[in-house]
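Asker: Modelling step: build the complete structure from the supplied sequences, incorporating the hints.
Taken in sequence, the protein lines are chains A and B. Mapped onto my numbering, the consecutive letters of the first sequence carry residue numbers 1 to 265. Mapped onto my numbering, the consecutive letters of the second sequence carry residue numbers 1 to 233.
Keep in mind the hints are simulated off the structure, nothing from the lab. Among the clues, some could well be false.
Claimed, not checked - Stretches of chain A that chain B covers, calculated by requiring three or more beta carbons in the stretch to come under 8 Å of a beta carbon on chain B:
no. : segment
1   : 215 to 224
2   : 241 to 251
3   : 256 to 263
Claimed, not checked - Below are the DSS-like pairs computed for lysine-lysine, each with C-alpha atoms no more than 27 Å apart in a straight line:
no. : chain 1 : residue 1 : chain 2 : residue 2
4   : A       : Lys99     : A       : Lys144
5   : A       : Lys17     : A       : Lys78
6   : A       : Lys112    : A       : Lys131
7   : B       : Lys152    : A       : Lys254
8   : A       : Lys254    : B       : Lys7
9   : B       : Lys54     : B       : Lys19
In this text, a Cβ means the ideal position worked out from N, Cα and C, and glycines have one as well.
If you want the building blocks of each chain, they are given just below.
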Amino acid sequence: MNKISSFDETNDMTDSKITARNVQVYYGDTHAIKDVSINIKPQAVTAFIGPSGCGKSTFLRTINRMNDTIDICRVEGKILIDDEDIYDPKVDPVQLRAKVGMVFQKPNPFPKSIYDNVAYGPRIHGLARNKSELDEIIESSLQKAGLWAEVKDRLHAPGTGLSGGQQQRLCIARAIAVSPEVILMDEPCSALDPIATAKVEELIDELRENYTIVIVTHSMQQAARVSQRTAFFHLGVLVEEGLTQDIFTSPRDKRTEDYITGRFG
Amino acid sequence: MADHIVKSYDEELSALAGKIAEMGGLAEVIVNNSVSALVTQDLELARQTIAQDKRIDDLLQEIEMRLIEIIARRQPLGKDLREIVSAGRIANDLERVGDMAKNIAKRVIAIDAGLNSKQLAIGLEHLTELALNQLKRVLDAYASQNADMAAKVQEDDAEVDAVYTSLFRELLTYMMEDPRNITQCAHLLFCAKNIERIGDHATNIAENVYYMVSGDRLSEDRPKVDELGDKVS
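Answerer: Set out below in C-alpha cells:
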C-alpha cells in the first residue's frame, strides 16, 4: 500500500531557513508553547493554523523576538535563522527585526505619508545614502507590494487615508523596504474583504520567490491557497507539520482532522 | 468520528451516503434481474430492468448536484473532502454497473430464444453471483467505512476474472462445435464480459472506499487474469 507521501521525507534538516528546537514559551506560570521543534523552508510560505489560544501567534512572535517586549514572557529552547541563534545575547533585536519583518492583523500604518511609512525603516537603518537612493527603495518596495500603480501620484498623502487592503499592502511594503529575509504575517487578511484578500494572497505568492514567509491564519482555505507547508498547533503543541496538500487532504493526526473538518469538540 | 460543529453538514453528508446506498441497492437488483431474465428468457423482466436503469441514471444526477452544492457551501477538507470526491466516483461506477445490466437485458430481447445449454446458464449464474457478492461487499465496506474489507474486495476480483476466462473458453468451444451457436454465444460472451466489468467497477469502488477511509491509495498492481492470457500484458 502506497502512501501518497511521507511526511518525514518532505522535511529534512538540510533545507531549513528557520530551525526551532524544543522551544518553550511561558507567560508567567502559563506554559504557552510546549516543546515545539520545526524546520521552516526558505522561499516558501508556511502556514500556522489552529484554534484560538493554541499558541500559533505566540510561536510566530518568537521568530523575531516580539515576545521580548512582554515582561512576564520567557522563551527557552533554540531558534536558529541560517544557523544563527537569534536568542544569543549578542544579537540586537532591532537588527533581527529588520531581517525578520512582520505584518499584523490590523493594518497599522504610521500617521505619516505613504512615502514616510515606507521610508521609516530604511532611514533608521541607514540603508540609503541620499534622497535618490531612498526614492528608489520606496518605489521598488511599493512595486513589490503591488501598490505602486495605485499610490504613485499621491505618495505624500497620509497612509491612513488608504483603503484597508491598500493599508495592509503598505505595511507589507514597509516591511520589505528594509530587505528582510523572513516575513512573518499574523492574520494579514482577517480585516480585509475578499478582493483585497485576493490581492494580498497574490502578493504573498509573488514574494515567496525572494523571502521566507510564515503566516498565521484562521482561514483554512487561505492556508490551503497560499502555503506550501502547513503546521497545526493545538494547546501549545505542534501537532502536525507537512505539505499543505497532505495536511488538507489526509492529515495523520486525529486532532488535525477534527480541526480542519470543523469537528472540534 | 465526532460530529461536525455545524449539524446540517453532517445531515448533508449522511443524506449523500444514503443516496449512494440506494443507488448501490438498485444496481444489485437490476444486475440480478437482468441475469435472471437472461437465464429464464423472461422478456417482461428484461423490459422492467431496462426501465429501472433510468432510476439509477437519475440518482447519479441527483448525487452530482448534491456534491457540487456541498463543495460550494462547505469547502470540504480532510476526510470530508475524500468522502465527497469518492462519492462522485462511486456513483459513476454504480451508474456504469446499471448500464452493464441494461445491456444484458437488451440482449435477452435480442437473443429471443431459450439458452440451449444448461451448463452455460450455470456458468453465467455463478459468475454473476461472484460479481454481485463483490458489489455487495464493497457497498458494505462503504457503509461501514471499512478499509480492510475494501482491500479484500479488490484482491478477490481475480476470482471473477478467472471464472470469466473459463466461460470465455467454453463459449469459444460452443461456437467452434456448431456455427449455428455463434449468434447466441456472441451475445452471451458480451453478457459475460459485462458481468466481469461489474466486478471491475466493484474493484474501482473498493479502491475509492479505501482512499476515502484511510487517505492512502491501494496499490493497483494486482495480478490480472483475463481471456487474453499472457500474450498481451
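Asker: For every hint, state whether the structure bears it out.
Answerer: Status of the hints after comparison with the structure:
no.: 1; hint: 215 to 224; result: holds (count 3)
no.: 2; hint: 241 to 251; result: holds (count 4)
no.: 3; hint: 256 to 263; result: holds (count 7)
no.: 4; hint: A/Lys99 x A/Lys144; result: 17 Å, holds
no.: 5; hint: A/Lys17 x A/Lys78; result: 14 Å, holds
no.: 6; hint: A/Lys112 x A/Lys131; result: 18 Å, holds
no.: 7; hint: B/Lys152 x A/Lys254; result: 25 Å, holds
no.: 8; hint: A/Lys254 x B/Lys7; result: 20 Å, holds
no.: 9; hint: B/Lys54 x B/Lys19; result: 15 Å, holds
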